[in-house]
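Undergrad: What follows is each chain in one-letter form.
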Amino acid sequence: MTQHVDSVKTYAAVFIALIILTVVTTAVAFVDLGPFSVVAALLIACGKMLLVALFFMHVRHSTRLTRLVLVGAVLWLGILIAFTLSDVFSRGWLGVPGR
Amino acid sequence: MADFAHAESLAVREQFDTAEQQKDASTLGMWIFLITEIMFFGGMFLAYTVYRAEYSYAFAVASSSMNVYFGAFNTVVLLCSSFTMVMAVRSAQLGLRKGTVVYLFLTLILGLAFLGVKVFEWSEKFREHHIPGMAGFHLDGVPPDQQGQAQLFFSLYFAMTGLHALHMIVGAGIVITLMYFAWKGKYTAEYMTPVDIGGLYWHFVDIIWIFLFPLLYLIDRHLGRYIL
Amino acid sequence: MGNFLSLFLQAALTPEVDALTAFLVAVSAFFTVLIFAAIFFFAVKYRRRSERELPEPVHGNLPLEIAWSVIPFGLTMIMFVWGADLFFRESRPPDNATQIYVVGKQWMWKLQHMDGHREINELHVPVGKPVKLTMTSEDVIHSFFVPAFRVKEDVVPGRYSTLWFTPTTPGKYHLFCAEYCGTNHSRMIGTIYVMNPEEYQTWVSGGAPMGSLAEEGGKLFESLACANCHHADGSGRCPTLVNVFGHQVELTGGNHVTADEAYIRESILQPNAKIVSGYQPIMPSFQGLVTEEGVVELIEYVKSLSPKPGMPSVTNGIAAGTVPHR
Amino acid sequence: MITAAVQEREHYLNESYGLKSWLLTKDHKRIALLYLFTITLFFAVGGVFATVIRIELITPSGNFVSSETYNKMFTMHGIVMIFFFLIPSIPAVLGNFFLPIMIGARDLAFPKINLLSWYLLVAGGLFAIFAMLAGGVDTGWTFYVPYSTGYSNTWVIATAIGIFIAGFSSILTGLNFIITVHTMRAPGMTWFRMPLFVWSQYATALIQVLGTPVLAVTIVLVFCERFFHIGIFDPALGGDPVLFQHLFWFYSHPAVYIMILPAMGVISELISTFSRKRVFGYEFVAFSSLAIAILGFLVWGHHLFVSTQSIYAGMIFSFLSYFVAIPSAIKVFNWTATLYKGSISYETPMLYAFGFIGLFTIGGLTGLFLACLGFDVHVTDTYFVVAHFHYIMVGGAIMGYLGGLHFWWPKMTGRMYPEGWAKLSALIIFLGFNLTFFPQFILGYLGMPRRYHTYPAEFQVLHVLSSAGASVLAVGYLLPFIYLMWSLKYGQIAGANPWGATGLEWQTASPPPKHNFEKTPIVTHEAYDYSAVIGSEVEVG
Ligand code: HEA
Ligand code: HEA
Ligand code: CUA
Ligand SMILES: [Cu+2]
Chain C
1 MTQHVDSVKT YAAVFIALII LTVVTTAVAF VDLGPFSVVA ALLIACGKML LVALFFMHVR
61 HSTRLTRLVL VGAVLWLGIL IAFTLSDVFS RGWLGVPGR
Chain R
1 MADFAHAESL AVREQFDTAE QQKDASTLGM WIFLITEIMF FGGMFLAYTV YRAEYSYAFA
61 VASSSMNVYF GAFNTVVLLC SSFTMVMAVR SAQLGLRKGT VVYLFLTLIL GLAFLGVKVF
121 EWSEKFREHH IPGMAGFHLD GVPPDQQGQA QLFFSLYFAM TGLHALHMIV GAGIVITLMY
181 FAWKGKYTAE YMTPVDIGGL YWHFVDIIWI FLFPLLYLID RHLGRYIL
Chain Z
1 MGNFLSLFLQ AALTPEVDAL TAFLVAVSAF FTVLIFAAIF FFAVKYRRRS ERELPEPVHG
61 NLPLEIAWSV IPFGLTMIMF VWGADLFFRE SRPPDNATQI YVVGKQWMWK LQHMDGHREI
121 NELHVPVGKP VKLTMTSEDV IHSFFVPAFR VKEDVVPGRY STLWFTPTTP GKYHLFCAEY
181 CGTNHSRMIG TIYVMNPEEY QTWVSGGAPM GSLAEEGGKL FESLACANCH HADGSGRCPT
241 LVNVFGHQVE LTGGNHVTAD EAYIRESILQ PNAKIVSGYQ PIMPSFQGLV TEEGVVELIE
301 YVKSLSPKPG MPSVTNGIAA GTVPHR
Chain X
1 MITAAVQERE HYLNESYGLK SWLLTKDHKR IALLYLFTIT LFFAVGGVFA TVIRIELITP
61 SGNFVSSETY NKMFTMHGIV MIFFFLIPSI PAVLGNFFLP IMIGARDLAF PKINLLSWYL
121 LVAGGLFAIF AMLAGGVDTG WTFYVPYSTG YSNTWVIATA IGIFIAGFSS ILTGLNFIIT
181 VHTMRAPGMT WFRMPLFVWS QYATALIQVL GTPVLAVTIV LVFCERFFHI GIFDPALGGD
241 PVLFQHLFWF YSHPAVYIMI LPAMGVISEL ISTFSRKRVF GYEFVAFSSL AIAILGFLVW
301 GHHLFVSTQS IYAGMIFSFL SYFVAIPSAI KVFNWTATLY KGSISYETPM LYAFGFIGLF
361 TIGGLTGLFL ACLGFDVHVT DTYFVVAHFH YIMVGGAIMG YLGGLHFWWP KMTGRMYPEG
421 WAKLSALIIF LGFNLTFFPQ FILGYLGMPR RYHTYPAEFQ VLHVLSSAGA SVLAVGYLLP
481 FIYLMWSLKY GQIAGANPWG ATGLEWQTAS PPPKHNFEKT PIVTHEAYDY SAVIGSEVEV
541 G
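Protein chains in written order, with my numbering: chain C, 1 to 99; chain R, 1 to 228; chain Z, 1 to 326; chain X, 1 to 541.
Simulated from the structure, these hints should not be mistaken for laboratory data.
The beta carbon of each residue, even a glycine, is placed where N, CA and C say it ideally should be.
All the pointers check out, no bait thrown in.
Derived, one-sided and incomplete: chain X residues facing chain R with beta-carbon distance under 7 Å:
1. ILE171
2. LEU175
3. ILE178
4. VAL214
5. VAL217
6. PHE228
7. LEU237
8. GLY238
9. LEU243
10. LEU247
Start from the sequences and build out the full structure, keeping to the hints where you can.
TA: Encoded structure:
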């Protein structure tokens, strides 16, 4: 069985990065970036997610199948949200209430 | 029948041929399970996105009313628990029984700490009458005709953090079970799949929080300056 | 089957829907017959004649696979374009349509004409004139369905929806509630009376029990004390409502919206959702103080203050991109 | 029960006895039988509700039951038939039994979870049945808000919990299948040697795993709104009822493929076996299952064309709906082409397969009508839709299920069913079915709305026809129930491979031993290679 045992140093580095990102995202929230505050918050959250997934959940060492599964999951969530928003945001374009 | 009895490892159940196959199956199984969890929370993320887009003012005020320090503190707590969890997995990989148990124990404590803070936060909401559906619901800074929209925020807040907390409780149960068996010496460097997939679950619950924190506490907080 | 024949050619779009139907039926019939015939033919021709029979294995045939993917796909694209085009027309009322308001509630239809005629579960309209319905619900979702006109649209609480038709043949037509709405869903039905112009005139002069919608709205405007704030000359802390409807309104934060029915409705029920630029959000919400019919009357009153109503446009309860900012 | 000749050999049925050996079994074959028992019960319950519906609709004035009762009848009919019968039907019975055997595995990857899924279905079913006995539920199977959250005063919550739990049963079954297909295939069983039934089960499992959680969370939100009185979809607070519909159909449209894909898999097996030919265009049929599973997630908005959804979103959803029709078309054409130059015999399973293709074609093509925007505005929420989905679900999926059940009956029980009776009832079902549901297309086009307890008199003729058909159909369904029971005791003893079929399941004894095979099979050739079977001895009957 091939097992990848990562060093404590790696884990510690990832952990510290995560804490720093938490501080950053909290701080950024108090700065007025206009619409970019949402973008910033989500980007940082995605970064943190990637760190946790790649290192703590060992996606880095995992099979192609596992990665496919993950990408698929994110894609499906994207479908759910994007298609629904396509409705919500285009309501009223026609200028006829309810169409 | 004899050729089905694989004495290769005690832990290989009868439907599998090899321990490797069994480990692959369990790990993939956990990943697939996590997909279902993503879609489960996804439904709520969708509702949140739609309403936030629509009622950004009420939502901005409502999320500014959250206690960001509790939120950030809890985030750090969970990240710490993820770190101890990954260390537990690492110890198990190396066959270090004591290390596994100790790290699992730390994980458990951190998880419980998170839940404790959460309970405190919720009770604060009760005191502030920020409970959706409650007769006296009122959120300062939101005009009367948008109180309903603010309620939507809190409905989603409670649904999302509530279900997240439920997952934490399940996670705590898993950690306790793992601790027990690790203590009993059931896991070895060759066979530690349960610790591995327990870890996956724990990290996943952490990731959910990584998104909940900015969505519920942070976005549009800068607006708080104008509002509160 | 009393009304069976009277189902056809009853409204401007009826024949168009029926033509589309004919196309769909033709395509389907073709494929159904093709497949039934092929199965039947093969089943007989190649029936098993001996127990040991072993037919040559065939693996497949790429050109065939392509053919029977591409040809059906082409046909479905015709269906799509045809259907979408028709749908677009079904969705867009003509500008000269007569406005009628519809409020659905468990389990009745309340209809209001501009001149103040109110009807319950009945609608009288003249033949040949396009009619536009602006609809909302007081409780659950209903759906306004007139089979003879081939039109249907859900009636949803908290927002306006729109339906239109041009009846072409005088007569009596079924009105159904098509979205399940509880116990008496199947009794939430009514009749559309399409009348010759003279008949219709007689019906109209049968007397409106009350004033026109705008007049009733004017009275409400007084009794709800709107008039205390909104002065015609725009003095005081409130904007004038003269020449608002159908015009662009600038909002605090710089966005613009066109004042249509949905916007006026929102201004009354959720005044703080969109704040007119230069004013404070002091207008109280009238949610719960005024019925859906009352809202409709107020809207008509506000409309009457704008002599030339422009084209209605944009938004709907939970509306599009026009997110308020401040 | 079992005669001496069979008793000599040990197999999964006689390997242990007693209630406990069944209720605690981890054997996928026994669990499949537990499911078989359970869903048959639910089918009967759903059928009783359908009977009440059809009796009521004989007259226009609604004088058989009250409106409240009628509304509960169609609601519980839909809920039971969909969530407790059709969704578990083929996957949990035939899939559970045969998927592991067909890929040469001893069991599913997680036998305990498999048993747990059954218990979850039973638990969910008990909640639902409790709700029905306590007073029923009247929201329609679609649970549209705000009616379900704020206006209905029936047992919405208990039913919702039941569906929630049954949903987990479905998720776990899907998960188990995915892992099993990935990790448990026998040596030599490559992906492209798998029988098409396995492919379709795999595709189904993907939908179960990706879609069902969204239904679960939707139910949780409805539960919160109704139970804690907090608003999530409540328009009074600014909530969006159409958002609920998006969430609901995100699951429920793909769910219709959970119901049809497994039946399609069965049909591939049947068509091949009874014409002794490799399925024409195997790869296309295999991939079309995946294509349906994936594309099926992009079209849910076609249920919302008149819901006040934006017309632009409506156009996207209509457009994409046509894409999902193409893989279905590919399947139908390939099945038909398989018959060409085959060696076709007309045993009962094959009759069901013919019936399936015909009725699915009609049901599917009318789906294209509904996906057509300008047309759907007229017929949505009328009997046209009712006819469409019964054509696919009753004419398609149930025919597939019955065909598969007959096909594998000898393997599952070691006994043949009586062929004459079976053919007769297949014929009755086909005729009764068309008589029941064809008139409903016409009804719908004439404007008869669905979920109507009373209706204008001019619709009566067609309704009477439909009710008449339903009684024929009921007889057709009752017959298999009787003769299959009968065959358990009196049926002819079945050999290992009564049809001359090629799947691995036919290479082991009937009924199979506890671990399916005496020895792990090694697969050396592709699926549907009849030369291996027919060349040697064919054991018929
Ligand atoms: C097993 C169940 C099942 C299946 C497989 C399908 C398959 C399809 N369905 Fe159906 N449907 C339901 C069950 C199902 N449906 C249910 C239960 C409802 C109602 C829910 C409710 O409101 O209660 C519904 C409702 C429904 C609607 C909404 C109607 C409304 O409420 O207004 C629509 C609209 O687009 C639709 C479309 C389709 C399409 C395009 C397919 C396609 O997948 C069909 C593809 C198949 C074919 C096309 C036939 C085979 C092909 C050929 C023979 C070759 C020729 C082909 C071409 C010319 C393309 N369905
Ligand atoms: C798998 C799904 C499925 C199945 C199999 C059926 C089967 C049948 N359905 Fe159903 N139906 C739905 C799914 C299904 N239906 C759904 C989802 C709805 C929409 C609900 C809603 O609007 O919310 C619906 C709605 C619906 C309506 C519309 C109601 C309305 O809108 O007002 C009608 C009306 O005719 C109907 C009729 C029938 C009939 C006659 C059968 C027949 O095929 C049934 C035949 C079977 C029997 C008659 C049972 C016979 C057997 C026995 C009785 C065995 C006896 C048992 C023992 C001895 C143990 N159904
Ligand atoms: Cu109103 Cu149905
Ligand atoms: Cu659909």
